[in-house]
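Keeping the supplied structure of chain E fixed, place chains G, F and P with the ligands upon it in accordance with the hints.
Chains as they are written, first to last, in this note's numbering: chain E, 21 to 388; chain G, 21 to 388; chain F, 1065 to 1396; chain P, 1065 to 1396.
These are calculated hints, taken from the structure and not from any lab test.
Be careful, since some hints might not be right.
[Stated by the list, open to error] Okay, the calculated bits of chain P under chain F, using three or more residues with CB under 8 Å as the criterion: (1) 1153 to 1163; (2) 1197 to 1205; (3) 1355 to 1363.
[To be verified] So these bits of chain G aren't anywhere near chain E, every CB distance computed over 12 Å: (4) D22; (5) D44; (6) Q82; (7) R140; (8) T187; (9) E222; (10) G241; (11) E261; (12) R317; (13) E331; (14) T337; (15) L368.
Don't be surprised by glycine CBs; every beta carbon is placed ideally from N, CA and C.
Residues per chain are reported as follows:
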Amino acid sequence: MDRSARESLLDRDPDDPVRVLDDDGAVVGTVPDLSDSRLVELYRDLRLARRFDARAVSLQRQGRMGTYPPMAGQEGAQVGSAYALADRDWVFPSYREHAVSHVHGVALADILRYWMGDERGSAHGANVFPVAVPIATQIPHAVGFGWAAALAGDDVVTVAHFGDGATSEGDFHEALNFAGVFDTPTVFCCHNNQWAISVPRERQTASATLAGKASAYGFTGVQVDGMDPLAVYRVVAAAVERARTADGAPRPTLVESLEYRFGAHTTADDPTVYRDEAEVERWRERDPIPRLEAFLRDTGRLDDERVAAVETEVEATVADAVEAAEETRRAPPTAMFDHVYAEAPSELTAQRAALAALYERVGEEGFE
Amino acid sequence: MDRSARESLLDRDPDDPVRVLDDDGAVVGTVPDLSDSRLVELYRDLRLARRFDARAVSLQRQGRMGTYPPMAGQEGAQVGSAYALADRDWVFPSYREHAVSHVHGVALADILRYWMGDERGSAHGANVFPVAVPIATQIPHAVGFGWAAALAGDDVVTVAHFGDGATSEGDFHEALNFAGVFDTPTVFCCHNNQWAISVPRERQTASATLAGKASAYGFTGVQVDGMDPLAVYRVVAAAVERARTADGAPRPTLVESLEYRFGAHTTADDPTVYRDEAEVERWRERDPIPRLEAFLRDTGRLDDERVAAVETEVEATVADAVEAAEETRRAPPTAMFDHVYAEAPSELTAQRAALAALYERVGEEGFE
Amino acid sequence: MSGAAPATSLTLVQAVRDGLAGELARDDDVVILGEDVAANGGVFRATDGLLDEFGPDRVVDTPLAESGIVGASVGMAAYGLRPVPEIQFSGFLYPGFDQLVSHAARLRTRSRGAVTAPVTLRAPYGGGIRAPEHHSESKEAFYAHEPGLTVVVPSTPRDAKGLLASAVRSPDPVVFLEPKRIYRAFREDVPDEAYTVPIGEATVRREGADVSVITYGAMTQPALDAAEALADDGVDTEVVDLRTLAPLDRETLVASFEKTGRAVVVHEAPRTAGVGAEVVAALQEAALLYQEAPVERVTGYDVPVPLYALEQFYLPNALRVREAVERVVSYR
Amino acid sequence: MSGAAPATSLTLVQAVRDGLAGELARDDDVVILGEDVAANGGVFRATDGLLDEFGPDRVVDTPLAESGIVGASVGMAAYGLRPVPEIQFSGFLYPGFDQLVSHAARLRTRSRGAVTAPVTLRAPYGGGIRAPEHHSESKEAFYAHEPGLTVVVPSTPRDAKGLLASAVRSPDPVVFLEPKRIYRAFREDVPDEAYTVPIGEATVRREGADVSVITYGAMTQPALDAAEALADDGVDTEVVDLRTLAPLDRETLVASFEKTGRAVVVHEAPRTAGVGAEVVAALQEAALLYQEAPVERVTGYDVPVPLYALEQFYLPNALRVREAVERVVSYR
Ligand SMILES: Cc1ncc(C[n+]2csc(CCOP(=O)(O)OP(=O)(O)O)c2C)c(N)n1
Ligand SMILES: Cc1ncc(C[n+]2csc(CCOP(=O)(O)OP(=O)(O)O)c2C)c(N)n1
Ligand SMILES: [Mg+2]
Ligand SMILES: [Mg+2]
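Pulled out of the complex, with its shape left as it was, chain E reads as follows (with noise of 0.2 Å):
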């Protein structure tokens, strides 16, 4: 994108929302340059995110996992923003973003075992930084990370994903004006879906948008439609490039993606009881997954049977998953003793061996 261009893009009315496509799908903004090919694995993958997260919450209702985040309704923005990002790049997720993880280099089954309550789940290798459960903690992570690399003259772009909620917390603050300040290689791409548990956006904070907020950091903010996958696309590859050390003056952008989760904040959660069930079903007429679906029929990228065909390789994909992460060997108890530090300590040393000689006298009932 040129430099005119990306700036026509970012630089906007923060309450202005980028959107390629319509509620329907049919197109009212720049179609991105992706090939067909692209386009239609950009489809799978947003099939591949919808139906991983049926099935984990599944899995959670079976007792076969632990607490899960679902992000249905959210997989255009997850999706559509991971695409935006070379493999060198590296990604600073919350607790939801499955999807980004996963178009980024993270196994289904590693994702599933995080949540079956492994920490081997997070030793994935992908440029993709461990979940981080407190919320907006992993902003400063993903500044400083971008600033490092920047310092080592390395190309490299952090993106830190995060939802409204987060930005009330003072990591949000802090984080942003250090990017400012140091112009880190850095995109801030704030999943406004609305909620923070049971709390509004409206009562998380007074600013008329998220996106605005970024001018208290001397940088610039923008909405996209974040139900829409290609705007999302658009605006976090404009964001990227603009984070880029190569185009000379590299600056950090905050996306505010306006988008939706359809289902509970976590599946501890109930939401019937803070929010109405009309306000989903109008975000759900927005749902990405039809809508792009609808433009590539159109436009004669998808056919019935190739949306066939997408299904059947989806729920293979996530069938193995479940298998692959299911069937993977507990951990023995004393894997909790193991990178505490790079080398045990005495005292640990001589806890571990506690737990070990116990666990080998009384076995798992011991322990029940």
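Only chains G, F and P with the ligands this time, still in chain E's reference frame:
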């Protein structure tokens, strides 16, 4: 002030500072509606603050007081803002707002006591919160306190004072965000004295102004010439009025007061290491005291005789305060056990008794 | 609390809710604030229905900002309210740690009593519910080490309600840690009317002559289970529930130790520099002459609480308590 | 460190500066960041001249935001740098506490070693310089209680430089607390070239047969002074300087206690749940059979450090150590 006057004063571009006097004391804005005697008192308080400050620095140099943070250069903003308050309002100072505190009711001797290492200096009984040393931490207190007053239906405005550096802290962000969401009756008075110890304003944040940060919280931010006590008075008075519940729709305001500290950050600091003498000289030309004095003389409110009387009065007031502070008998060592809890737990009583017995036995010398 | 007083069988979290409702009704100055406490009634339902009952000025959903919550609470308390902020999980208290230790804990001493911060900071804490990372911490030692703070951990529904009432009425800031593992583990008859259980007093949950098990919170039940099992083997175990960690009721635990001469301290927090270390130090300071065996500590290990697949191996259980007691009583 | 190696007589803070310069020169990945560390050279001059020597990419003034400093350092370290953030005073670390305990301490375990945070967090700490409120805290127990953190407190210039080098090179996050009271209290010959003093090893500063005084940091000197005075009275005092608080060198302190059977632990932090409690617990766990008297703790009181007019009465001194030792050695 009527609503529209207040709006024109507060709701302007955040980089268009309000001024009343120019650098030479000539009127360039609306002179606030203060009686002649009140204006002269204001002048007196500026002089008092300046004198107090010099004396405090010299006490520190002589080893009669600990580390002290001087305010020279910033008296205009301090005294001007304090004049805008009703007695029932509450001030939440940082460590530098000696003049705000004094004008709002804290005896100078108590201020000295505090900096002489005696907690009793903070038991002053005025509507001034005890000094907060950790940066920005007093801002949420001001918000919570004002919020509580509003919940109780009491007409109390809270004013938080802090520096330019403080705007980088998470507490600044969280507090202003709360104020915006809950419409607390709070005025945020940011003393942008251009430096946070050795870090200049431009390296503190890439934000164009500090005032502009208010938009991230959904309320107004305004710049004022902080070396112009009349301008600060006007702006803070307008902000206080807007914060008063009496007005129907109370709203917080962020005031960025453009100032300069003439001296060191504290008596432990050497500013020549990090800043130019030329810069100091430029700002000295905007010294609030000669500026206000010129205005008062030009408008016939002040003459040599009154100035001399003010000098004498100020000298005596400061001397009395120093004497009173130095005459204070040191608290007994066991005073450290008072007020940790409302009622001392038995362990603390035992520790207290041990110290008392030791002190009784070995006296001061035992503790050298 | 006479036997005839009307009572309802409640879980611990219901007792907390009941206690909060009682304090809100008793004193108009009591205000609840936090993330998801109002419309949602709290993620554990500890504030369920309170918004409807007391309105949006008394039960307030805040933005997602712990330092803001604690800091605003300090300001509210200084004005004269009795704020009862909830931190959703104790593992998320740290962004508000500065406001807690630098201000809530210090305002009284800083101002020589002129300005105070009677805040009751509630947080579910501890492990055992198969929750995600940062949802299972036990860092009560941080708070117990900070002068000016009171730290309370209830272990039964009845205590939860009564201790919470004491906390809300306390002139000092209280960190009130609720062991979420036993939020719904069992029920107890809890008096309907308001009552207080005094802060600063440990209680003997089970009397015994041979050995003292000193514990609190969710570990009380495994300690009692171990004591039952030990009784079958002829070991008569006393179980002391601290209830308040700061100020610590040294008298009660020393008295128990003077009787038994042997002790095991149990907590799920990491061992090193935990509250158990203080208990051991207190016992040997006051009662070395009674001591017949090293005091053992049965605790969480010095590792971050593992994700839930291994959590059961991290948490102390009745078996570990029992084996420690056996070692301690057989020590010669 | 042969006797012939060139050395310079330095204060502790100069040794810190020297150590930082050495590490910056040795490894391009070392980066210093913090408030006033660059242009100003640090409020205690611990980074004096480093900006000029190593440039603005290696020595960085940050905005005034501790969570930002610690959090960005975690990110930098994960990328592969060796950040050495300075927190201006340890009492201002708390806004960054969450990033320290929830991330720096946990990243390794969370990712099974895939992503780590070798951050060396330096902070001047402790009292004794007549500073304002919040400038005199000793809360090392907070950090010692957090699994994954290493906590170091030097007590001499030579150790300061060598321990700092070890910290910077450590693959784990280190909280490096510098006792500011002795920043300039005395000088010592410090080797000019780089060297390391191992983390995790206590040292015996003075050998003695009758009683062990176990301490660290600024309290080492009063402990040694007390030992000298006690020697005149025929009490032969051993002084153990822990140097590293986590992981604790239990072996060395237990060995000393097994020799003497009597001990006094000294620190200026508040007593309750301080590091001293852990030391007492460790001693009686490992060596109860050697114990001839209760271990005494000479510590700061359980109160916030008073403003400086009373600070001298708060801080342990040689007299208090000496009297405690006398009680302990005369205990029968
Ligand atoms: C520091 C911290 N405080 C509280 C929580 C509990 N919590 C988990 S998710 C959540 C809401 C987050 O809302 P938002 O940032 O909008 O993200 P979303 O869940 O909507 O994706 C809260 C309060 C937490 N994880 N971390
Ligand atoms: C949380 C915290 N971090 C660091 C410090 C040390 N410190 C004291 S004053 C200061 C600079 C403050 O600058 P600013 O906010 O501009 O106020 P000013 O001193 O200029 O009035 C710093 C870093 C502190 N007091 N509190
Ligand atoms: Mg959200
Ligand atoms: Mg400043």
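To see whether the hints hold, each was checked on the structure:
no.	hint	result
1	1153 to 1163	holds (count 5)
2	1197 to 1205	holds (count 4)
3	1355 to 1363	holds (count 6)
4	D22	25 Å, holds
5	D44	34 Å, holds
6	Q82	40 Å, holds
7	R140	33 Å, holds
8	T187	8 Å, violated
9	E222	9 Å, violated
10	G241	10 Å, violated
11	E261	20 Å, holds
12	R317	42 Å, holds
13	E331	44 Å, holds
14	T337	41 Å, holds
15	L368	32 Å, holds
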